[in-house]
Amino acid sequence: MNEFHTFTVFSENYPGLLSRIANIFTRRKINIESLTVSGSEYDGIHRFQILVRVDPEKAQKIVRQIQKQVDVFDAFAYKVGGTMEQQTQLFRLPTNHLLESRDMKRLFNAHDVKLVAVNPDYSYFEKSGADSETHQMVEEMQAFSDVEHVRSVRSTFPKSDAHFAQETYR
Amino acid sequence: MHSQSAPPTREPFEPYNFLMMETTKTKSDGQPSPEVKKVKGSQALMLSLLEEDVDQIFGYPGGSIMPVYDSLMDYEQKLRHLLTRHEQGAVHAAQGYARATGKTGVVMATSGPGATNLITGIADAHVDSTPLVCITGQVNDGMLGTDAFQEVDIISISAPVTKWSYQITRPEEIPETIAKAFYIAGSGRPGPVLIDLTKNAQFGELDFHYQPCNHIRSYRPVPEIDQQQVARAAGLINQSRQLLALIGQGVILGGAEEELQSFLEKTGIPAASTLLGLSALPASHPNYVGMLGMHGNYGPNILTNEADLLISIGMRFDDRVTGKLSSYGEKARVVHLDIDPAEIDKNVKADAPVAGDVKQTLPLLTGMVDSKSHGSWHERFYQYEKKEHERLITSRPQDNNLPLRMSDVIFQLNSREEDLLLVTDVGQHQMIACRYFQFASSRSNITSGGLGTMGFGLPAAVGAQVGASTRQVVAVVGDGGFQMTIQELGTIAHAQLPLKIIILNNSYLGMVRQWQQLFFKKRYAFTPISSPDYAKIAEGYGIHGQKVSLQGELPAALDKMFETPGPCLLEVEVDKEDNVFPMIPPGASVSEVMLEPPGQKD
Ligand SMILES: Cc1ncc(C[n+]2csc(CCOP(=O)(O)OP(=O)(O)O)c2C)c(N)n1
Ligand SMILES: [Mg+2]
Numbered sequence: 001m002n003e004f005h006t007f008t009v010f011s012e013n014y015p016g017l018l019s020r021i022a023n024i025f026t027r028r029k030i031n032i033e034s035l036t037v038s039g040s041e042y043d044g045i046h047r048f049q050i051l052v053r054v055d056p057e058k059a060q061k062i063v064r065q066i067q068k069q070v071d072v073f074d075a076f077a078y079k080v081g082g083t084m085e086q087q088t089q090l091f092r093l094p095t096n097h098l099l100e101s102r103d104m105k106r107l108f109n110a111h112d113v114k115l116v117a118v119n120p121d122y123s124y125f126e127k128s129g130a131d132s133e134t135h136q137m138v139e140e141m142q143a144f145s146d147v148e149h150v151r152s153v154r155s156t157f158p159k160s161d162a163h164f165a166q167e168t169y170r
Numbered sequence: 001m002h003s004q005s006a007p008p009t010r011e012p013f014e015p016y017n018f019l020m021m022e023t024t025k026t027k028s029d030g031q032p033s034p035e036v037k038k039v040k041g042s043q044a045l046m047l048s049l050l051e052e053d054v055d056q057i058f059g060y061p062g063g064s065i066m067p068v069y070d071s072l073m074d075y076e077q078k079l080r081h082l083l084t085r086h087e088q089g090a091v092h093a094a095q096g097y098a099r100a101t102g103k104t105g106v107v108m109a110t111s112g113p114g115a116t117n118l119i120t121g122i123a124d125a126h127v128d129s130t131p132l133v134c135i136t137g138q139v140n141d142g143m144l145g146t147d148a149f150q151e152v153d154i155i156s157i158s159a160p161v162t163k164w165s166y167q168i169t170r171p172e173e174i175p176e177t178i179a180k181a182f183y184i185a186g187s188g189r190p191g192p193v194l195i196d197l198t199k200n201a202q203f204g205e206l207d208f209h210y211q212p213c214n215h216i217r218s219y220r221p222v223p224e225i226d227q228q229q230v231a232r233a234a235g236l237i238n239q240s241r242q243l244l245a246l247i248g249q250g251v252i253l254g255g256a257e258e259e260l261q262s263f264l265e266k267t268g269i270p271a272a273s274t275l276l277g278l279s280a281l282p283a284s285h286p287n288y289v290g291m292l293g294m295h296g297n298y299g300p301n302i303l304t305n306e307a308d309l310l311i312s313i314g315m316r317f318d319d320r321v322t323g324k325l326s327s328y329g330e331k332a333r334v335v336h337l338d339i340d341p342a343e344i345d346k347n348v349k350a351d352a353p354v355a356g357d358v359k360q361t362l363p364l365l366t367g368m369v370d371s372k373s374h375g376s377w378h379e380r381f382y383q384y385e386k387k388e389h390e391r392l393i394t395s396r397p398q399d400n401n402l403p404l405r406m407s408d409v410i411f412q413l414n415s416r417e418e419d420l421l422l423v424t425d426v427g428q429h430q431m432i433a434c435r436y437f438q439f440a441s442s443r444s445n446i447t448s449g450g451l452g453t454m455g456f457g458l459p460a461a462v463g464a465q466v467g468a469s470t471r472q473v474v475a476v477v478g479d480g481g482f483q484m485t486i487q488e489l490g491t492i493a494h495a496q497l498p499l500k501i502i503i504l505n506n507s508y509l510g511m512v513r514q515w516q517q518l519f520f521k522k523r524y525a526f527t528p529i530s531s532p533d534y535a536k537i538a539e540g541y542g543i544h545g546q547k548v549s550l551q552g553e554l555p556a557a558l559d560k561m562f563e564t565p566g567p568c569l570l571e572v573e574v575d576k577e578d579n580v581f582p583m584i585p586p587g588a589s590v591s592e593v594m595l596e597p598p599g600q601k602d
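Sequences listed follow chains A and H, in order. Here the first sequence is numbered in my numbering, starting from 1 and rising by one per residue. Here the second sequence is numbered in my numbering, starting from 1 and rising by one per residue.
No lab work stands behind these hints, which were simulated from the structure alone. One or more of the hints may lead you astray.
[As the list claims (entries may be wrong)] Below are the DSS-like pairs computed for lysine-lysine, each with C-alpha atoms no more than 27 Å apart in a straight line:
| hint | chain 1 | residue 1 | chain 2 | residue 2 |
| --- | --- | --- | --- | --- |
| 1 | H | 522 | H | 576 |
| 2 | H | 103 | A | 29 |
| 3 | H | 522 | A | 58 |
| 4 | H | 521 | H | 560 |
| 5 | H | 324 | A | 61 |
| 6 | H | 349 | A | 79 |
| 7 | H | 103 | A | 68 |
| 8 | H | 331 | A | 58 |
Input sequences plus hints: build the corresponding full structure.
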């Protein structure tokens, strides 16, 4: 049974590595739901976060295939639920629509949405929270036209202590 | 210990006299003075290859790699270059060289089509764990992404089939990257590495100094041995009664042939081999019981499902070995020794996973296991072997006026004194040759396993003969596969390689025809294939050629071939619709291995 997993990968930052890691999923016809690459708390080491739906047993095999990449320090797969997750959603809408719509203001208040920036053309808002909360918010936004949104990847920490031990990689 | 007379060796041949005469205008003696530090990128590449003890390159020049080839001329005495007739030939030759010698094969090609022509060989090397460093030229870095002439994104194209790849765009990166490339290709589970070198990096200058690489911070080529798992494996071995060792290429790659013999001789465990594991253990070894898999021997396949313990040694439970997974090793627990942790539990779950280099883990096991002989269990293998031999070999009519079969040729080769190195292509002839050839020493079997690449045989034999210059290499190739890389006859003739080529011509893409016969109602869709007169083709290249079609003609033709110095080709016309048995039908279990087509069973 396929379940949501977040793969966390610590790697060098070489061009080409992104496609090598993506290939490991696409080769097995696993769709990548979201992917972020960023720096990590370890100097010079990058962190991939990849969200996919995959069978748990397959997830473990994929972890080993990722670990096998020369430029990868370590890789982990976490079942969603076994992790602390946060997702950020950024919205933009024409400022005049916002001023005209009480419903939208109400919705933003109800969901604890933060105003990020306003200019005469557009207003920008941000919603952070667990996956279900941001999803709910997006659902309700469907009622309004002219709202654009970008979702960032879930940021994930394992609740357990299985984690990358940098000192073993020197 | 089994006894085995030392194989006769020959003087190393000098295949390059001709080449060297062509290039007497070499600019320098190839010895840069040590104080010269500023060098061009292309020269830095030569110096780096020398630092890695490279003495042989297989390749093909072109626009984007011309500076490298220009520098190569200055080093030709030390870095010999063999010009193949196609880049696919170069990469297969490098594979053959690597597998015959244990060294890393080196390939060079130009950008664009030169680079893409390498892909089949790189994929083959990847799946068969062959160490290669492939160096491709690339357009200037300023032109990357502009669809420049002969620009392809070879880094992306090759990513899924390389162990590592890197594009060098600055000359200063050359020494360090080449050092890394060789370290990665040859360490741990070996594999192909591709280095793409832009033209500006070849022309540009750098201060050359070389530091060999033996550590990469993100890379752990050999896993740490878990002593508890070793103890657990030893416990399982001591408790079990019907054990079967499964030998893979890991034994050869790890140079653990002696460690394997010590383990087997102490425990008395019968040992069967995968296609790529062949020759790790001499075929004459008392513990050896034959080949595994779809076209392996009868006994080891059937008895896989009788065994109570399977000990996998440097093999990866390929589907051609396991047949239907759900009924594979039904009664067995599994000990799995492998250097690549990703292989453990991938296809078959291990009760005792022993990650590590078999060269280290096998002796640990040997130290902990009991001495036994397993006589009656061995006896069961012999009974099946007898049955297979009677059904498939001795029942065949032998008469000098009868047509030949593929196995006749292999048995004749076995009767020769010399410790031959066998290179095969892909198809029926491959399965027959590999299964019946009596391998006497390690690294005597070079064939395309995981990828099953037709066209591999002839060029791989070129590389094997170059690498193993004191041994006699024999290429056994089908009429289909031979026509895929027939152009390498040009390479063989040019270098005067003393290679012996046997074409087993059944006028069919035989292996596919066999499946059509068995599983597609004998509809022979596009499998009949015509051939040129191979002996004449050979003669056109200045290679000695012969053809035989009757049993009585074969011995003399083989004698003639082995007596004639230099390259020789022998076309053997064989039974057209002969089939390879034993066979595990696709989707069937190993224990359903058949000795003849269904329906013919008694
Ligand atoms: C490059 C490539 N194309 C197609 C195949 C599929 N294939 C496997 S065996 C075979 C027939 C080989 O014919 P031949 O070389 O005459 O050998 P035979 O089986 O007759 O001994 C084919 C077409 C392959 N393995 N490799
Ligand atoms: Mg054929």
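Hint check results:
no. : hint            : verdict
1   : H:522 <-> H:576 : holds (14 Å)
2   : H:103 <-> A:29  : violated (36 Å)
3   : H:522 <-> A:58  : violated (39 Å)
4   : H:521 <-> H:560 : violated (42 Å)
5   : H:324 <-> A:61  : holds (20 Å)
6   : H:349 <-> A:79  : holds (22 Å)
7   : H:103 <-> A:68  : holds (22 Å)
8   : H:331 <-> A:58  : holds (25 Å)
Of the numbered hints given earlier, the model fails hints 2, 3, 4; all others are met.
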